[in-house]
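Asker: Chains Y and G, in that order, give the protein sequences. FYI, in numbering that gives the first Met the number 0 the residues of the first sequence are 0 to 237. FYI, in numbering that gives the first Met the number 0 the residues of the second sequence are 0 to 169.
Hints are computed from structural coordinates only; laboratory data are not their basis. Be a bit skeptical, because a hint or two may be false.
Said to hold, decoys possible - Within a straight-line C-alpha distance of at most 25 Å, the following computed DSS-like cross-link-like pairs (lysine-lysine) qualify:
id, chain 1, residue 1, chain 2, residue 2
1, Y, Lys64, Y, Lys178
2, Y, Lys109, G, Lys79
3, Y, Lys19, Y, Lys64
4, Y, Lys178, Y, Lys114
5, Y, Lys64, Y, Lys109
6, Y, Lys106, G, Lys79
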Amino acid sequence: MVMELFPLTLTRAETSRRGKRLVGPVDLHLDGQGLCVVMGPNGAGKTTLLRLMHGTARLTGGSVKWACDTDEARHHQAFVFQRPVVLRRTVEENLTYPLRLRGVARKAAKSAAHKWAERVGLQPHLTRRAMVLSGGEQQKLAIARALITEPALVFLDEPTASLDGRAMREIEAILLQAKADGTRLILSTHDMGQARRIADDVVFILGGMVHETGPAKSFFDAPQTPEARAFLKGDIVE
Amino acid sequence: MLNALMGLPPVVVGLIVYIFLSRSGPFGALGLLFTPTAMIIAQVIIIVPLIASIAHQSLRELWAEYHDLLISMNVTQMQKMRTLLWDARRALLTAALAGFGRGIGEVGAIMIVGGNIDNATRVLTTAIALETGKGEFALALALGFILIALALGVNLLIHWIGQTERDSRW
Ligand SMILES: Nc1ncnc2c1ncn2[C@@H]1O[C@H](COP(=O)(O)OP(=O)(O)O)[C@@H](O)[C@H]1O
Ligand SMILES: [Mg+2]
Numbered sequence: 000m001v002m003e004l005f006p007l008t009l010t011r012a013e014t015s016r017r018g019k020r021l022v023g024p025v026d027l028h029l030d031g032q033g034l035c036v037v038m039g040p041n042g043a044g045k046t047t048l049l050r051l052m053h054g055t056a057r058l059t060g061g062s063v064k065w066a067c068d069t070d071e072a073r074h075h076q077a078f079v080f081q082r083p084v085v086l087r088r089t090v091e092e093n094l095t096y097p098l099r100l101r102g103v104a105r106k107a108a109k110s111a112a113h114k115w116a117e118r119v120g121l122q123p124h125l126t127r128r129a130m131v132l133s134g135g136e137q138q139k140l141a142i143a144r145a146l147i148t149e150p151a152l153v154f155l156d157e158p159t160a161s162l163d164g165r166a167m168r169e170i171e172a173i174l175l176q177a178k179a180d181g182t183r184l185i186l187s188t189h190d191m192g193q194a195r196r197i198a199d200d201v202v203f204i205l206g207g208m209v210h211e212t213g214p215a216k217s218f219f220d221a222p223q224t225p226e227a228r229a230f231l232k233g234d235i236v237e
Numbered sequence: 000m001l002n003a004l005m006g007l008p009p010v011v012v013g014l015i016v017y018i019f020l021s022r023s024g025p026f027g028a029l030g031l032l033f034t035p036t037a038m039i040i041a042q043v044i045i046i047v048p049l050i051a052s053i054a055h056q057s058l059r060e061l062w063a064e065y066h067d068l069l070i071s072m073n074v075t076q077m078q079k080m081r082t083l084l085w086d087a088r089r090a091l092l093t094a095a096l097a098g099f100g101r102g103i104g105e106v107g108a109i110m111i112v113g114g115n116i117d118n119a120t121r122v123l124t125t126a127i128a129l130e131t132g133k134g135e136f137a138l139a140l141a142l143g144f145i146l147i148a149l150a151l152g153v154n155l156l157i158h159w160i161g162q163t164e165r166d167s168r169w
């Protein structure tokens, strides 16, 4: 049974660093199924907002509440970073790592690793060192390593920002498959095309403030705020 | 602190250890001066800061790499340590070898606290110094070659570990 984390409610949530507010105050209520895209230009606060939800950015005001206890919720989440973090180990050992930490037996972890390597197309590389993989392969590895514990929710912070078109499409396909399997995804991007392709819901962020939230279709067809209209027209680039 | 200790000339370390262990020094009563124990104490003081600083540096770099992931996975302190030590094992071995390499080449401090007593506290380096002083160049040279071979062996090993490390960026 998958842990029910949603709805997620942020109430005047904010994070500051040395007196400077990076994000917030944010009021947000997420209970949609599927894939939620946090969209905004560079420096808008996407990474910080995702970390705030995940619990790895310090909450300096307001609250972040899940349907269950925060620690419990955290246990059922994974986070994929913009620059993939790979362990200095083989592909297989990268994949078994989170399972072994959770006490899964070596053999079971290994067979899960093989299954996931196959799903993301890395099975020819299982015994290779993760460091020698290409950027796209490393990111696929990071995504498979996030999914291998069968989390209820995965955060992905601009997972394809530094990849070429092909790797981007492959990763989008992997994510859509994960979504079809029932995993919730919250993905940030500054790429409008990507958001149009994969988003079910959109959270539009600019200058550390959430300006608009809603189903992707209504956001793209009829943006409500002048900021969102300007961004969609391409007037806000950075 | 580590860097300050690392910068100390070994001879000075020897002198300080000598002062501490000498009959009128604070640890004089132990009677350790001119014993192998005294030499070990001096070597430890010379080598440990070197090993510790290389090890510390490589663990810090690895932590910078892994930080976000491990924090996100909510690992325990114990799991974090095990992961870092295991994945930095090559760098740690290199550090230990670097320490060994420095240790076997040491003369001054060893001579001061050990006294270079035959069959007791005479080691390769101090023997070389002695034989050279006596004019026995042939013997000194022969011993010198052994030392070179040892040092070279250690350096080759370090180089080899570093090589595999760079090849694969483990
Ligand atoms: N650790 C930090 N210290 C100070 N400022 C930061 C830090 N992290 C992010 N910021 C600032 O917070 C703002 C939002 O950053 P970020 O969340 O990384 O934006 P995005 O991911 O949308 O590009 C930026 O102005 C950035 O400079
Ligand atoms: Mg970012």
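Asker: Indicate, hint by hint, whether the structure satisfies it.
Answerer: To see whether the hints hold, each was checked on the structure:
no.: 1; hint: Y:Lys64 <-> Y:Lys178; result: holds, 23 Å
no.: 2; hint: Y:Lys109 <-> G:Lys79; result: holds, 21 Å
no.: 3; hint: Y:Lys19 <-> Y:Lys64; result: holds, 24 Å
no.: 4; hint: Y:Lys178 <-> Y:Lys114; result: holds, 17 Å
no.: 5; hint: Y:Lys64 <-> Y:Lys109; result: violated, 35 Å
no.: 6; hint: Y:Lys106 <-> G:Lys79; result: holds, 23 Å
When each numbered hint is compared with the structure, a violation occurs for hint 5 only.
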